[in-house]
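Novice: So the chains spell out like this:
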Amino acid sequence: MIRQPERTGQASALRAARCTPEVEPLGDVRWARIEQSLMQRLDSELPAAEPTPARASARAPAGSNAPVSNARPRTWPVALAATFAAAAAAAFALHLTRPSVHASTSRVVTEASPSHVTIAENSLDVSPESGIVVSEEEHATVLTLERGEVSLHVAPREKDRPFLVEAGDVQVRVVGTEFTVRRVGVGATVTVRHGVVQVREHGELALVRAGERWPDETKEMAPAVPPRAAESVGAAQPQGAVLVEPQAQGAALSQEQVAASAQPQRPVAPVGRQPHRASAPLAQPHSPAPPPRKQGGGNVGPSDSAVEASPAALPEAPGPGVAPEPTSVSAPAPVSAAPPSAQSQYEAAAQIERSDPARALRIYTQLARGSDPWAQNALYAAGRLQADRGARTDAARLLEEYLRRFPRGSNAQDARALRESLR
Amino acid sequence: MVQERSEVPLSLVRAREDRTLVERCIAADRAAQRELFRRESRRVHATLFRILGSNLSMDDLIQDVFIEVFKSLPSFRGESSLSTWIDRCTAHVAISFLRKKRPRLVEMGAETQSNATNPEEQVLLKEAARRLYAELDRMDPKLRLAITLHVIDDRPVAEVAQIMEASVVATKTRVWRARRHLEKCAQRDPALAAFLSHVPATSGGDQ
Numbered sequence: 037m038i039r040q041p042e043r044t045g046q047a048s049a050l051r052a053a054r055c056t057p058e059v060e061p062l063g064d065v066r067w068a069r070i071e072q073s074l075m076q077r078l079d080s081e082l083p084a085a086e087p088t089p090a091r092a093s094a095r096a097p098a099g100s101n102a103p104v105s106n107a108r109p110r111t112w113p114v115a116l117a118a119t120f121a122a123a124a125a126a127a128f129a130l131h132l133t134r135p136s137v138h139a140s141t142s143r144v145v146t147e148a149s150p151s152h153v154t155i156a157e158n159s160l161d162v163s164p165e166s167g168i169v170v171s172e173e174e175h176a177t178v179l180t181l182e183r184g185e186v187s188l189h190v191a192p193r194e195k196d197r198p199f200l201v202e203a204g205d206v207q208v209r210v211v212g213t214e215f216t217v218r219r220v221g222v223g224a225t226v227t228v229r230h231g232v233v234q235v236r237e238h239g240e241l242a243l244v245r246a247g248e249r250w251p252d253e254t255k256e257m258a259p260a261v262p263p264r265a266a267e268s269v270g271a272a273q274p275q276g277a278v279l280v281e282p283q284a285q286g287a288a289l290s291q292e293q294v295a296a297s298a299q300p301q302r303p304v305a306p307v308g309r310q311p312h313r314a315s316a317p318l319a320q321p322h323s324p325a326p327p328p329r330k331q332g333g334g335n336v337g338p339s340d341s342a343v344e345a346s347p348a349a350l351p352e353a354p355g356p357g358v359a360p361e362p363t364s365v366s367a368p369a370p371v372s373a374a375p376p377s378a379q380s381q382y383e384a385a386a387q388i389e390r391s392d393p394a395r396a397l398r399i400y401t402q403l404a405r406g407s408d409p410w411a412q413n414a415l416y417a418a419g420r421l422q423a424d425r426g427a428r429t430d431a432a433r434l435l436e437e438y439l440r441r442f443p444r445g446s447n448a449q450d451a452r453a454l455r456e457s458l459r
Numbered sequence: 054m055v056q057e058r059s060e061v062p063l064s065l066v067r068a069r070e071d072r073t074l075v076e077r078c079i080a081a082d083r084a085a086q087r088e089l090f091r092r093e094s095r096r097v098h099a100t101l102f103r104i105l106g107s108n109l110s111m112d113d114l115i116q117d118v119f120i121e122v123f124k125s126l127p128s129f130r131g132e133s134s135l136s137t138w139i140d141r142c143t144a145h146v147a148i149s150f151l152r153k154k155r156p157r158l159v160e161m162g163a164e165t166q167s168n169a170t171n172p173e174e175q176v177l178l179k180e181a182a183r184r185l186y187a188e189l190d191r192m193d194p195k196l197r198l199a200i201t202l203h204v205i206d207d208r209p210v211a212e213v214a215q216i217m218e219a220s221v222v223a224t225k226t227r228v229w230r231a232r233r234h235l236e237k238c239a240q241r242d243p244a245l246a247a248f249l250s251h252v253p254a255t256s257g258g259d260q
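Protein chains in written order, with our numbering: chain A, 37 to 459; chain B, 54 to 260.
Mixed in with the good hints there might be a few duds.
Simulated pairs of lysine to aspartate or glutamate, DMTMM-like, Cα-Cα distance not exceeding 25 Å [unchecked claim]:
no.	chain 1	residue 1	chain 2	residue 2
1	B	K237	B	D193
2	B	K153	A	E81
3	B	K153	A	E456
4	B	K195	B	E173
5	B	K195	B	E132
6	B	K153	B	D193
Simulated from the structure, these hints should not be mistaken for laboratory data.
Chain A on its own, in the form it takes in the complex:
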């Protein structure tokens, strides 16, 4: 048997037979995202003072030079549960409602289905294809929105211990209100349902009241940096931040807030007057239309980077001010002479998936009959939606059709995985 001198030769033999699994490359954007998420996790799990040689050497076998095993951070809160319970009991006895400063870090990643999470008295609705990390820090509870969208109902909190939502370079400070934050490249959009929030971005402030969205897409200028560039830059170098500080509805503003509101303000649009996504400014009929959203999370493969890197690939690519509330946005309707584009129809269907899945499915199915790039997204989305609804047979049929028509489509891997899970 012939062997390579420096290696075993077994893989070489396999390679000669051309059946070694080739490592599937990850795109630059995806690497940047992994790095960014890692750094965020390090910030929450390994702050600067964290390295503790004593602890590490205590856990590692003597002289083994072995790494400390099993670093999945989700397990250590369980081990310390008793300690925290005692601390919580003590806090309760002292009428302190704030959670333990040393509470855990939790991570929620959704794929095709949304998820509802309750953290203390706060409830979160994590949209499909989203990822969040919630960590308790000394002065705040911090929710990091890695991707996708999250709707929050935050119970009134003490103002010195806010609930912070970080979405890329945008930071939303919550004292107690109900609103939605959606990731848009390195920024975010905010939709307020209850209460009043104060938005700060690059020194500019705006008050956003219940029923309003920030920023106003009708007046908002296009971002100076295209989303692709912004995303990759943002992965390494956080830029300016947005601060949204909600107040109780009808509550008087503090002096600082009144002073802040006197500063230049960015436009805010009432939700009711928001132009529909299907309207002309949002549609991009002349631009190439790659997949508008990453379906299925996780591993998407080589084409993933192209999908994510494209401005149109982002859900909010048409403009920075669009923060639709899934349940309040209706299906597209022609608002001008031009019929709605496939992109806008797709986006509208995506928005009503939860409120009117049957209608969303009809739109997807209709779009899937076409031949433009949105057809493949719509076909996959139809399969995913049916899987979510429990219609396994129909879901499998749609996914099979997707794989037959678009075997190398951007959702092909997810389609295979989903089809596999349906078996």
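Please build the complex by placing chain B on the supplied structure of chain A, with the hints as guidance.
Specialist: Frame of chain A, contents of chain B only:
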């Protein structure tokens, strides 16, 4: 005229650089942590991929490896190279993942290297790789780790033993048992049998 070269072996220079980088990482220097991530992440990904196959949790797993690396660096004594030590973290994370839950199997399709000109052969090879990972999913994590690191990731048994913190004999036994398991499966699976026919048996000469 022959130019005089530095007397310091390259491996020592690398070890010295590693030591400096490790010290900065231990001090929670984010720039150093980024540097280490950028230097090693592709390799970590490749190792994870060969152990686990295409996996929907890959992004998280890569992060988990580096979280473990940064948490454990204070225990790194430089007795092995930093790369081997990181491989050990990778193996820990992979085993932990395999023990925790049944990984979601993703078909090995486009990611299977195949220069075969015959389309039929191409399909068979892809199918063989898919079957291989399907069988690996049913295997004990330690056996899986041993055979994937040795056969697919092409590492000598001694290195696999170092990564798995096991003796060479134990590692050889694991590879042998894993191979025997696959051979048993191959008896009723021609595609897998064709795949295994390309895998030479492990012997003492590959350490």
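Novice: Decide, hint by hint, whether the structure agrees.
Specialist: Structure-based check of all given hints:
Taken as a hint, the B/K237 and B/D193 pair is honoured in the structure, with Cα atoms around 15 Å apart against an allowance of 25 Å. The straight-line distance between the Cα atoms of B/K153 and A/E81 is roughly 21 Å, inside the 25 Å bound, and the hint therefore holds. Restraint check: the Cα-Cα separation between B/K153 and A/E456 comes to about 20 Å, which is no more than 25 Å; the hinted pair holds. Our distance criterion of 25 Å between C-alpha atoms is broken by B/K195 and B/E173, whose separation comes to about 34 Å.
Restraint check for B/K195 and B/E132: satisfied, since their Cα atoms lie roughly 24 Å apart, inside the 25 Å limit. Using a Cα cut-off of 25 Å, the hinted pair B/K153 and B/D193 holds, with the two alpha carbons roughly 12 Å apart.
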